[in-house]
Structure formats: C-alpha cells, structure tokens
Amino acid sequence: MKIKLFYFARLKETLNYSTEDLTLPDEPYTILKLKALLAKRGDTWGQMLMGKLKVRAAINHELVDDHASIADGDEVAFFPPVTGG
Amino acid sequence: MKIKLFYFARLKETLNYSTEDLTLPDEPYTILKLKALLAKRGDTWGQMLMGKLKVRAAINHELVDDHASIADGDEVAFFPPVTGG
Amino acid sequence: MSVRVQLEDFDVGFEISQLRKSHNSIGAVVSFVGLVRDLNERDTVTQLTLEHYPGMTEKSLMAIIAQAKTRWHVEDALIIHRVGPLMPNEQIVLVAVTSAHRGDAFSACEFIMDYLKTDAPFWKKEITPQGAHWVEVKSSDDMAKNRWNNKN
Amino acid sequence: MSVRVQLEDFDVGFEISQLRKSHNSIGAVVSFVGLVRDLNERDTVTQLTLEHYPGMTEKSLMAIIAQAKTRWHVEDALIIHRVGPLMPNEQIVLVAVTSAHRGDAFSACEFIMDYLKTDAPFWKKEITPQGAHWVEVKSSDDMAKNRWNNKN
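Taken in sequence, the protein lines are chains S, W, H and L. If you count the first sequence from 1, position 33 lands on 33 in the working numbering, and the numbers rise without skipping. If you count the second sequence from 1, position 20 lands on 105 in the working numbering, and the numbers rise without skipping. If you count the third sequence from 1, position 91 lands on 261 in the working numbering, and the numbers rise without skipping. If you count the fourth sequence from 1, position 125 lands on 447 in the working numbering, and the numbers rise without skipping.
Hint data in this document are derived by calculation from the structure and do not stem from the laboratory. The reader is advised that the hints may include incorrect statements.
[To be verified] Where chain H lies over chain W, by a calculated footprint (3+ residues, C-beta under 8 Å): (1) 87 to 96; (2) 103 to 112; (3) 142 to 155.
[Claimed, not checked] Straight-line alpha carbon distances no greater than 25 Å define the calculated BS3-like cross-link-like pairs of lysine-lysine that follow: (4) W:Lys87 x W:Lys137; (5) H:Lys295 x W:Lys97; (6) L:Lys381 x S:Lys2; (7) S:Lys54 x L:Lys381; (8) S:Lys54 x L:Lys447; (9) H:Lys308 x W:Lys139.
[What the hints assert, rightly or not] Covered by chain L, according to a simulated footprint, are these stretches of chain S (three or more residues, beta-carbon under 8 Å): (10) 4 to 10; (11) 57 to 63; (12) 74 to 84.
All C-beta atoms, glycine included, are put in the ideal place defined by N, C-alpha and C.
Sequences are here, hints too, so could you generate the full structure?
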C-alpha cells in the first residue's frame, strides 16, 4: 500500500525530511510497526521515532495512538507533542 | 448624632427620597434599629425597609449587615440586592 | 488596576492594548464583555437603565480586584461599567485581566465578574412595551459567587 | 464557528464585534489572547517561530470548538492562531466565545484554550541570544486539559 508521510518541528529538522511518499508491504500496519520500520533507516531515525523523545502521530489529520491501523492512501504524520497557544 | 442617608433603585423610587440628613438620638444605633425607626414613617417605609423585600445596607461605602453599628458622621445607604454586570 | 464608571461606550481592543502597555511578562489576557440581551424572561426589552451608587461603586470594584489579586497572579486588571440608558446589544461591562499564565487570568476574570454581580452597587431597570420594572436578582448569581469559597 | 491560521496580526476589538454580528441573544463575550512573553525559563527570547500542520490544524481547532459546544451553550466561537515569526509581546492566539450566559462563555473559552494547548498541531521554536530551541511541553498543560474530565 502507498501512504504519504509528514514530519514536523524537531523531527523534520533532525531527520531533514518534511514529507515523503512511501510504499509499504501489503500487510496490516499499525503506527508502531511503521515507526519500527522507519527506525531501521539509521540511528537518528531510531532515536527520533523509538527513543526517549515522545512522538505523536496523526492519520488523515486525526491524532492516533501506536495501535492505530494504517490504510492504503492514508496521510500519516509524526511530530513532537504540540506547544502552540 | 448626625448621619447622611441615601436610597437607591426601587427604594429611591418608591420612597421618593434619594438622600436626606438625619439627626438620631445620642444612643447606640445599628442598621436594624435605624430601619425600625424609619419604618415608623408609614406603611410604604415599613414595607420597603422591614417587609418581604430584601434590603441591603452600606455604611461609608462598605456593605454591612443588620448588626453593624452606626457612628456620628456616617454615610448610610439602603438599596435592593444589586443587579449590575 | 483601574475601574471606570461611565455613560460612554468602550472599545475592547483599545482598552486591552492600553492594559498591556508597560508590562512585558504578560502571557495571557482574558476579557469579559457583558451585553444587553433583547430577550429577558418576560418581555422584549426595548431599553435598559443602569443606576449606581457613586463613590461606593468605584470602591467596591477596587476591593473586588484587590481580592482577586490575593488569590491569583494578576499583572493588571481593568473594570469598566456603564451607567445610564442602554439599548439591546450594547456593551454594559468590561473586565480585563492580564497575567503571566492563562489559568490565573481566566480565574481572576471570572471571579471579578461573579463578585461584581453580587457586590457592586448597580441596579438595572428594564423598559419593555408592557412597562418598566427593576430587574430581579438571580439566585444563580449567588451560587456563582459562592462556589469560589470552595475552590482554591 | 470559525478558525483561522494566519501570518498576520489580528485586532481583538474588530474580531469580537464581527463575532457578535447577527446574534441577538448574546449576553456574554469571553476572549483570551495569548502573547509572546520575553522571558522564558532559560533565556531572553528575542524571537519565536511558530510551525503548524496545515489541514490538520484547522480540523483539530474545529473539533475542539465542536466539543465545547456539546458541553456548554455556545452561541458562536472563533479561534485565530498565528504562525511564522513572532516578536516578544506580539499576539499569538485569540479565542473568543459568545453565549447567552457568562458561565458558559468562560468555561467554553478556557476549555478551548486548554485543548488547543495539547491537541492542536502547532510548535514553537524560540530564538535566544544563546541559540534556537524547540519549546518543551509543560506538564501543567496536560493537567489543565485533564481537569475537564472531572468536571461537568
């Protein structure tokens, strides 16, 4: 399946990625499984997505937790806890 | 002792008095005792000050209860519960 | 800290910008504006008249702000209350509070309004097509004030 | 109900007057303005940059207003949140709520701010003489949000 990925704030800056199109194997994917997959890209990715840093995720503009399922065509985003207002 | 009296809102309108200078016998006076004295002026006064209508009192611009003591030179005011804001 | 009782209308944006001046550690401004509603329980209100007790009004409003300052971190606070004739939808009262933190600003502003409603000597008279009458006190206002006694 | 995410500053007085238009049963307007403070925990902030997630931001702000409307009587509500570079003392965010009653307006406005602080995808980066850093999350913001779960 194909998804669109977005990174924001500290993640975007550190990973040096703001968005990418990703093709995943055709099997069930949760946010956690996606994070584990991306973490294999290298130390920085591992630290950013699976490390001490709290990471929040959204699917199609809705905040979700690690167990949320990803579907074909979804827009998935990773970012730090928000600090607006 | 001499005091200055003020009436506001429904009291002012019904009693047809907004302010008056009053000389009281030289003996201790509380708000309640003053109300009882004024109530003797007639039915309307009695109804307004000692009747069902809730009356609030202030001495020198401070809200007080029936037991507050009045001193020479005080400014005393009677009015209904407030409805501003 | 300032309080004003006036016949004239006020400009919320201008008042807030004035209140913020010369304070650099303000993170939050909470303001409340009270308006004349054109519907009351009984009739359609065509006009309102606000009477007050000059001298006591200012003193009681200052005392309410002072009390709020003992409970929350308040940088500055302003109360403007209008008197005289008012039409439906007109502004009656403005309470604005600045603080370093939003929680303090919200609590202090609501506290000031709740106390103003029960302690400040203003009286509303409504003029309706059926005649004029003094506005009755609402028990919800006493309840609103009293709940501050059970809160820190 | 409307939300805006913009680079430009906003005029609180104008926004409130727009929000009031075409509503006759408004008795209360509560507004919150958040400002850039020039002091944070560590250093003197010389500038702030606000990043956001376009699309999700608007959706999450609308969802927060919708949630407030299920809990309180809200006549109308507005959120304006700025993004991009901001200087100390500049306005960051406006939340304004109109209602028939002041209690509803206060609660809904504070609820919206508390949820915005934890759920709306904005991120602040502070630029200080010592360098730039992303603002850390405050646990007090989670606490501020969570207390609404224990209230009616």
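Tested hints:
Note: the region 87 to 96 of chain W has 4 residues with beta-carbon separation from chain H under 8 Å; the three-residue rule is met and the coverage holds. For the region 103 to 112 of chain W, the stated coverage by chain H is not satisfied: 0 residues place a CB nearer than 8 Å to a CB of that chain, which falls below the threshold of 3. Check result for the region 142 to 155 of chain W against chain H: holds, 4 residues qualifying (beta carbon to beta carbon below 8 Å, three or more required). With a CA separation close to 28 Å, the supplied pair lysine 87 of chain W and lysine 137 of chain W exceeds the 25 Å bound.
Of the supplied pair hints, the one linking lysine 295 of chain H and lysine 97 of chain W holds, its CA atoms being roughly 13 Å apart against a limit of 25 Å. At roughly 23 Å between alpha-carbon atoms, lysine 381 of chain L and lysine 2 of chain S fall within 25 Å of each other, so this suggested pair holds. Taking the CA atoms of lysine 54 of chain S and lysine 381 of chain L, the gap is near 23 Å; set against the 25 Å cutoff, the hint holds. Pair hint lysine 54 of chain S plus lysine 447 of chain L holds up; C-alpha atoms about 17 Å apart against a cutoff of 25 Å.
A hinted pair counts as satisfied when its Cα atoms are at most 25 Å apart, and lysine 308 of chain H with lysine 139 of chain W qualifies at roughly 13 Å. Check result for the region 4 to 10 of chain S against chain L: holds, 4 residues qualifying (beta carbon to beta carbon below 8 Å, three or more required). Counting residues of the region 57 to 63 of chain S whose CB lies closer than 8 Å to any CB of chain L gives 4, which reaches the minimum of 3, so the coverage claim holds. Counting residues of the region 74 to 84 of chain S whose beta-carbon sits less than 8 Å from any beta-carbon of chain L gives 7, enough to reach three: the coverage restraint holds.
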